[in-house]
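Turn these sequences into a full structure, and let the hints steer you where they fit.
Protein sequences appear in the order of chains A and B.
Each residue of the first sequence is one higher than the one before, starting from 1 at the first, in the working numbering.
Each residue of the second sequence is one higher than the one before, starting from 1 at the first, in the working numbering.
Because the hints were derived from the structure by calculation, they are not lab data.
Mixed in with the good hints, there may be bad ones.
[What the hints assert, rightly or not] With a straight-line cut-off of 30 Å between C-alpha atoms, the simulated DSS-like cross-links for lysine-lysine are:
id	chain 1	residue 1	chain 2	residue 2
1	B	Lys34	B	Lys106
2	A	Lys94	B	Lys106
3	A	Lys94	B	Lys34
4	B	Lys121	A	Lys178
5	A	Lys25	A	Lys195
6	A	Lys94	B	Lys121
7	B	Lys106	A	Lys178
8	A	Lys188	B	Lys106
9	A	Lys195	A	Lys178
10	A	Lys188	B	Lys121
11	A	Lys25	A	Lys188
[To be verified] Computed from the model, here is a short list of chain B residues facing chain A with C-beta under 8 Å:
id	residue
12	Glu59
13	Ser60
14	Ile63
15	Ile70
16	Gly77
Just so it is clear, the structure is predicted and the values come from calculations on it, not from any experiment.
For each residue, glycine too, the CB sits at the ideal point set by N, CA and C.
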Amino acid sequence: MGLFTELKDSISRATDRLFSEQEPKRIGIYGPPNAGKTTLANRIARDWTGDAIGAESHVPHETRRARRKENVEIERDGKTVTIDIVDTPGVTTKVDYEEFTDEMDEEDAIRRSREATEGVAEAMHWLREDVDGVIYVLDSAEDPITQVNTMLIGIIESRDLPVLIFANKIDLEESSVKRIEDAFPQHKTVPLSAKEGDNMDEVYDSIAEYFG
Amino acid sequence: MPKATNADDPDAPDGVQIDLISGERMDGMATMEKIRMILDGVHDGNIVILEEGLTPDEESRLIEVTMAEISPDEFNGIEIETYPKSDTRDSSLLGRIMGGEEAEAKLTVIGPANQIETLHKDETLISALVSRN
Numbered sequence: 001m002g003l004f005t006e007l008k009d010s011i012s013r014a015t016d017r018l019f020s021e022q023e024p025k026r027i028g029i030y031g032p033p034n035a036g037k038t039t040l041a042n043r044i045a046r047d048w049t050g051d052a053i054g055a056e057s058h059v060p061h062e063t064r065r066a067r068r069k070e071n072v073e074i075e076r077d078g079k080t081v082t083i084d085i086v087d088t089p090g091v092t093t094k095v096d097y098e099e100f101t102d103e104m105d106e107e108d109a110i111r112r113s114r115e116a117t118e119g120v121a122e123a124m125h126w127l128r129e130d131v132d133g134v135i136y137v138l139d140s141a142e143d144p145i146t147q148v149n150t151m152l153i154g155i156i157e158s159r160d161l162p163v164l165i166f167a168n169k170i171d172l173e174e175s176s177v178k179r180i181e182d183a184f185p186q187h188k189t190v191p192l193s194a195k196e197g198d199n200m201d202e203v204y205d206s207i208a209e210y211f212g
Numbered sequence: 001m002p003k004a005t006n007a008d009d010p011d012a013p014d015g016v017q018i019d020l021i022s023g024e025r026m027d028g029m030a031t032m033e034k035i036r037m038i039l040d041g042v043h044d045g046n047i048v049i050l051e052e053g054l055t056p057d058e059e060s061r062l063i064e065v066t067m068a069e070i071s072p073d074e075f076n077g078i079e080i081e082t083y084p085k086s087d088t089r090d091s092s093l094l095g096r097i098m099g100g101e102e103a104e105a106k107l108t109v110i111g112p113a114n115q116i117e118t119l120h121k122d123e124t125l126i127s128a129l130v131s132r133n
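So this is what it looks like as structure tokens:
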């Protein structure tokens with residue numbers, strides 16, 4: 001991209017944000033596969049609208065299309081913050097259909113992998129063009145220092161997007177929030193269990209503070 | 001496909017090709033040219049090593065294009081490893097507008113997901129095992 005085009009795009013983005021103060025902020029939920037993004041999206045949506053966003057599963061790439069829940073009004077300290085939640089497929093650099101053949105027949109596994117690749121490409125496109133902030137969900141029982149996580153956080157930072165890191169699955173014995181804080185000390189890390197609903201008050205306080 | 005596994009062609013060289021691409025060569029290339037060069041190499045079963053890394057935008061597009069090219073039984077994606085980013089990076093908006101979003105001089109290794117496995121990575125060393133199939 002040329003310097004002039006980049007300058008024009010930067011000004012355009014800044015202008016868009018300036019004039020969209022009253023619009024709901026589009027908050028993308030990003031992270032690796034199986035971090036609990038859809039469980040979190042569903043928890044937020046159910047708590048504030050009564051409806052879920054999508055199906056949850058232990059099989060990677062259950063979410064294969066970005067899904068949006070619009071106008072989620074979160075009330076904190078008498079103030080209402082309105083966001084559109086965008087639940088995205090887990091970002092990865094590889095998808096092998098054979099990973100799914102234990103759970104389903106080959107034809108379904110191939111279809112799942114094709115949909116997953118399209119979904120990840122779409123999620124990357126949304127990240128460049130269409131979100132105002134990011135909730136980055138990590139499984140706190142897993143090592144957070146992976147190339148995909150490092151790359152994604154770098155891409156988000158390069159877009160000047162506000163980002164909150166959610167250390168999910170603190171209900172698991174092997175969970176380590178500190179490992180995530182140490183991996184990405186430049187960002188606020190909020191511990192939670194989306195499945196159990198642990199620490200959701202801090203989750204909503206942080207969303208209101210960062211994206212309100 | 002990988003030269004090392006080309007059993008149909010006994011004259012094919014037995015080994016894994018490593019393409020070491022200088023920063024100077026990458027300097028004059030557009031984003032999609034860089035991505036095409038990387039993925040063409042990886043599709044051929046090569047390990048591509050970039051003397052200088054990619055910018056975040058280029059990394060984002062590399063993931064997007066890689067996803068578009070994944071195909072069952074033929075290509076299941078890439079492994080990519082690079083050294084951590086420098087703390088001294090100029091991350092201000094003005095800095096990037098003025099050209100600050102240059103790729104940092106950090107070595108990056110990219111290879112076919114079914115052939116490359118990272119054994120160890122820290123701030124100064126990437127150790128990778130490359131299989132021939």
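Here is what the structure says about each hint:
1. The hinted pair formed by Lys34 of chain B and Lys106 of chain B meets the criterion: a straight-line CA distance of about 16 Å does not exceed 30 Å.
2. Between Lys94 of chain A and Lys106 of chain B, the direct Cα distance comes to roughly 22 Å. Compliance with the 30 Å bound is thereby established for this hinted pair.
3. Between Lys94 of chain A and Lys34 of chain B, the direct Cα distance comes to roughly 19 Å. Compliance with the 30 Å bound is thereby established for this hinted pair.
4. At roughly 20 Å between alpha-carbon atoms, Lys121 of chain B and Lys178 of chain A fall within 30 Å of each other, so this suggested pair holds.
5. Distance restraint check for Lys25 of chain A and Lys195 of chain A: the Cα-Cα separation of roughly 25 Å lies within the 30 Å cut-off, and the hinted pair is therefore satisfied.
6. For the hint linking Lys94 of chain A to Lys121 of chain B, the alpha-carbon distance of about 19 Å falls within 30 Å, and the restraint holds.
7. With a C-alpha separation of about 27 Å, the suggested pairing of Lys106 of chain B with Lys178 of chain A holds against the 30 Å cut-off.
8. Proposed proximity of Lys188 of chain A and Lys106 of chain B is supported: the alpha carbons are some 27 Å apart, at most 30 Å.
9. About 20 Å separates the Cα atoms of Lys195 of chain A and Lys178 of chain A, which keeps this hinted pair within 30 Å; it holds.
10. Only pairs whose Cα atoms come within 30 Å are accepted, and Lys188 of chain A paired with Lys121 of chain B is accepted, the gap being roughly 25 Å.
11. As the CA atoms of Lys25 of chain A and Lys188 of chain A are separated by approximately 19 Å, the hinted pair is consistent with the 30 Å bound.
12. Hint status for Glu59 of chain B relative to chain A: holds, with the closest Cβ pair at about 5 Å, below 8 Å.
13. With its C-beta approaching chain A no nearer than about 5 Å, Ser60 of chain B sits inside the 8 Å limit, and its interface hint holds.
14. For Ile63 of chain B, the interface hint holds, the least distance from its beta-carbon to any beta-carbon of chain A being 5 Å, beneath 8 Å.
15. Interface hint at Ile70 of chain B: satisfied, since its Cβ lies 5 Å from the closest Cβ of chain A, which is below the 8 Å cut-off.
16. Because the closest C-beta pair between Gly77 of chain B and chain A is about 3 Å apart, less than 8 Å, the hint holds.
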